[in-house]
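Chemist: Sequence:
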Amino acid sequence: MIRRTILILHDAFDGETREDLVDNRLEVEALTGSLKQLGFQVSSRPFDPHQVQELLDWIRQLDPVLVFNLVEVVEGSGAKAHLTCECL
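Going by numbering that gives the first Met the number 0, the sequence shown opens with residue 0, and the numbers climb by one from there.
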């Protein structure tokens with residue numbers, strides 16, 4: 000069977016109205032729509048540096064063909080965005 004699932008990691012929105020988080024949410028929605036039009040199944044999940052093992056277990060189970068990292072803010076700071084790549 001051909002894997003057709005793509006995962007999108009993104010910022011935690013939690014009802015935030017900050018312009019950068021609203022923009023990130025719109026990016027996730029646009030990318031999701033485009034990928035679905037191409038026939039992919041799409042899963043998305045906010046990155047939480049305190050739940051890395053749970054995230055890794057979930058990714059292994061999902062077994063996506065590709066992971067898009069759209070994380071720009073971790074715990075309110077853009078300076079921590081690198082944690083996503085370091086944790087994965």
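Don't take each hint at face value.
[As the list claims (entries may be wrong)] For lysine to aspartate or glutamate, the following DMTMM-like pairs were computed, each having C-alpha atoms within a straight-line distance of at most 20 Å:
hint	residue 1	residue 2
1	Lys79	Asp13
2	Lys79	Asp47
3	Lys35	Glu18
4	Lys35	Glu85
5	Lys79	Asp22
6	Lys79	Glu28
Since the hints were derived computationally from the structure, they do not count as laboratory data. It should be emphasised that the depicted structure is a prediction, and the values quoted were computed from it without experimental measurement.
Chemist: Determine for every hint whether it applies to the structure shown.
Modeler: Comparing the hints with the structure gives:
Proposed proximity of Lys79 and Asp13 is supported: the alpha carbons are some 18 Å apart, at most 20 Å. Among the hinted pairs, Lys79 with Asp47 is consistent with the structure: their alpha-carbon atoms are about 11 Å apart, no more than 20 Å. The hinted pair formed by Lys35 and Glu18 fails the criterion: a straight-line CA distance of about 26 Å is larger than 20 Å. A distance of roughly 28 Å separates the Cα atoms of Lys35 and Glu85; the hinted pair therefore is violated under the 20 Å criterion.
Under the criterion of a C-alpha separation no larger than 20 Å, the hint pairing Lys79 with Asp22 is consistent with the structure, at around 18 Å. Distance restraint check for Lys79 and Glu28: the Cα-Cα separation of roughly 23 Å exceeds the 20 Å cut-off, and the hinted pair is therefore not satisfied.
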